[in-house]
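Taken in order, these protein sequences are the chains called A and B. Under my numbering, the first residue of the first sequence is numbered 3, with each subsequent residue one higher. Under my numbering, the first residue of the second sequence is numbered 3, with each subsequent residue one higher.
Derived by calculation from the structure, the hints in this document are not laboratory data. Check the hints yourself; a few may be wrong.
[To be verified] Computed footprint of chain B on chain A; a stretch qualifies when at least three of its residues, placed anywhere within it, have a C-beta under 8 angstroms from a C-beta of chain B:
| hint | stretch |
| --- | --- |
| 1 | 92-102 |
| 2 | 105-116 |
| 3 | 158-170 |
| 4 | 173-185 |
| 5 | 191-204 |
| 6 | 230-236 |
[As the list claims (entries may be wrong)] In silico DSBU-like links for lysine-lysine, alpha-carbon gap of 35 angstroms or less:
| hint | chain 1 | residue 1 | chain 2 | residue 2 |
| --- | --- | --- | --- | --- |
| 7 | A | 139 | B | 217 |
| 8 | A | 250 | B | 250 |
| 9 | B | 244 | A | 178 |
| 10 | B | 248 | B | 217 |
| 11 | B | 152 | A | 244 |
| 12 | A | 248 | B | 58 |
| 13 | A | 248 | B | 251 |
| 14 | A | 248 | B | 248 |
| 15 | A | 58 | A | 41 |
| 16 | A | 250 | B | 58 |
| 17 | B | 152 | A | 90 |
| 18 | B | 20 | A | 251 |
| 19 | A | 139 | B | 251 |
| 20 | B | 152 | A | 248 |
| 21 | B | 250 | A | 152 |
| 22 | A | 58 | B | 139 |
| 23 | A | 64 | A | 139 |
| 24 | B | 58 | A | 20 |
| 25 | A | 244 | B | 196 |
| 26 | B | 178 | A | 250 |
| 27 | A | 58 | B | 20 |
| 28 | A | 244 | B | 178 |
| 29 | B | 251 | A | 20 |
| 30 | B | 90 | A | 196 |
| 31 | B | 217 | A | 248 |
| 32 | B | 250 | A | 20 |
| 33 | A | 41 | B | 178 |
| 34 | B | 244 | A | 152 |
| 35 | B | 178 | B | 152 |
| 36 | A | 217 | B | 244 |
| 37 | B | 244 | A | 251 |
| 38 | B | 196 | A | 90 |
| 39 | A | 90 | B | 248 |
| 40 | B | 196 | A | 64 |
Every residue, glycine too, gets a C-beta built ideally from N, C-alpha and C.
2 protein chains.
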Amino acid sequence: MNTRPLIFVTNDDGYQTKGIRLLIDILRPLGDVVVVAPKVEMSGKSHSITTGLPLKLQTIYKGEHYEEYALEGTPVDCVKMGFDNVLKRRPDFLFAGINMGANTSINTIYSGTMAAVMEGCAEHVASVGFSLCDNDKNASLVECEPFVRKIVDEVLRNGLDDSVCLNVNFPCGEIKGIKVGHQAEGYWTEEFDKSIEEDGHTIFWLGGEYHCTDKNPDADWNAVNDGYAAIVPMQVDFTAWKFLDKTKKRFENI
Amino acid sequence: MNTRPLIFVTNDDGYQTKGIRLLIDILRPLGDVVVVAPKVEMSGKSHSITTGLPLKLQTIYKGEHYEEYALEGTPVDCVKMGFDNVLKRRPDFLFAGINMGANTSINTIYSGTMAAVMEGCAEHVASVGFSLCDNDKNASLVECEPFVRKIVDEVLRNGLDDSVCLNVNFPCGEIKGIKVGHQAEGYWTEEFDKSIEEDGHTIFWLGGEYHCTDKNPDADWNAVNDGYAAIVPMQVDFTAWKFLDKTKKRFENI
Numbered sequence: 003m004n005t006r007p008l009i010f011v012t013n014d015d016g017y018q019t020k021g022i023r024l025l026i027d028i029l030r031p032l033g034d035v036v037v038v039a040p041k042v043e044m045s046g047k048s049h050s051i052t053t054g055l056p057l058k059l060q061t062i063y064k065g066e067h068y069e070e071y072a073l074e075g076t077p078v079d080c081v082k083m084g085f086d087n088v089l090k091r092r093p094d095f096l097f098a099g100i101n102m103g104a105n106t107s108i109n110t111i112y113s114g115t116m117a118a119v120m121e122g123c124a125e126h127v128a129s130v131g132f133s134l135c136d137n138d139k140n141a142s143l144v145e146c147e148p149f150v151r152k153i154v155d156e157v158l159r160n161g162l163d164d165s166v167c168l169n170v171n172f173p174c175g176e177i178k179g180i181k182v183g184h185q186a187e188g189y190w191t192e193e194f195d196k197s198i199e200e201d202g203h204t205i206f207w208l209g210g211e212y213h214c215t216d217k218n219p220d221a222d223w224n225a226v227n228d229g230y231a232a233i234v235p236m237q238v239d240f241t242a243w244k245f246l247d248k249t250k251k252r253f254e255n256i
Numbered sequence: 003m004n005t006r007p008l009i010f011v012t013n014d015d016g017y018q019t020k021g022i023r024l025l026i027d028i029l030r031p032l033g034d035v036v037v038v039a040p041k042v043e044m045s046g047k048s049h050s051i052t053t054g055l056p057l058k059l060q061t062i063y064k065g066e067h068y069e070e071y072a073l074e075g076t077p078v079d080c081v082k083m084g085f086d087n088v089l090k091r092r093p094d095f096l097f098a099g100i101n102m103g104a105n106t107s108i109n110t111i112y113s114g115t116m117a118a119v120m121e122g123c124a125e126h127v128a129s130v131g132f133s134l135c136d137n138d139k140n141a142s143l144v145e146c147e148p149f150v151r152k153i154v155d156e157v158l159r160n161g162l163d164d165s166v167c168l169n170v171n172f173p174c175g176e177i178k179g180i181k182v183g184h185q186a187e188g189y190w191t192e193e194f195d196k197s198i199e200e201d202g203h204t205i206f207w208l209g210g211e212y213h214c215t216d217k218n219p220d221a222d223w224n225a226v227n228d229g230y231a232a233i234v235p236m237q238v239d240f241t242a243w244k245f246l247d248k249t250k251k252r253f254e255n256i
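Full structure from sequences and hints, please.
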């Protein structure tokens, strides 16, 4: 009987980037690994899917216990393509990252990495996303590597509850330990940089600044800023359950 | 004192489509309306944002109580551009749609319409998304129009709780009434259509079929299929709160 788990790997920075290469190196000794990752950077693509345009899949490597493909598509396209067209069976685990850039707080919703994780979760696969809170593509992963190994080991050993996935964010530099908490409340104020094109049209470049409004030290943004690896258990259900009865009373008989 | 509410409108089908034109017609008598909507169709773009590429904003109309702009960007780009670069103050309300196509169940996560609504909600604006469960761009809106009016009236009169937005889906044809419930559990099985390009490469077109696994008649997918308008109160927080303690115990001391 083959007891090696089947592990699916993807990211949003592209298949050649440092973060996914380390993740693959960590995972390969632990199971049969299949990678389907974007050919080029797909950060900020959230849960977008490619409809009405074709997808191209490039085989990078195909061996007995390891396969790697690059897809001209979004991270969620990669999961769909992987699960339905590459893998022979549903994988046991999905790991995404290691993303260069924070996916804490509201950033989760813009993230291609976490979208891939949510897609895996929706497909009832134990799924975990890793991000380093540093936008430098060459940032050091030395500090977070032992934590990635520990979290991977724990998840491979004991799985995750169905319908729950994990969002893991690492601080820059030394890591004091792990804090489990909730998605921090916060928001972005945008600042569009303007410039004028040759034809006189104004064009805008999206920039902005994040503001955390959450004072709880367990909130992911705060935990990371205090030097901890932050883990948030997440779900794909957006229902505001607490407000269901109230909404029922207000709207069912208008 | 100006008591007319400031209402922001967007969609993901594009500013010229039938659904948003009806929504604008309904809203203009009720307040000062500012529209920033995608110039072209942006369905399936989810919460993606445009980074590293410039955005172009085209003025369609600018009057005292009504302004309309088309943006070469995603629905969430439209909200960000509208809130930060077009509106003089934060709007009182955001309405998105009327989308042609269901945004029930897991489809919420792929939807550009609902992403715009979630973005408004994250900015503490009372936000509602409307969708008709019919992919035909010329589908009739006659049946859902009175329900859009009733829901808009109720929201304008009494607002929404902070951090809660509404996802409204209408069935095709006659509407029996309104049901408030939760996001249905379900998933897609993908079926990629393959074709071979001239250069011998295989290309894939994303298709698929939705499967509802939720038996509760209040679940949005089921309500719509039973002929009701389905309203789900939604939140931007993805934390799986029920699993927080368990996750804490498992991961904080590994």
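| said: Please list, smallest to largest, the hint numbers that this structure does not respect. | reply: 1, 7, 12, 16, 17, 25 and 33
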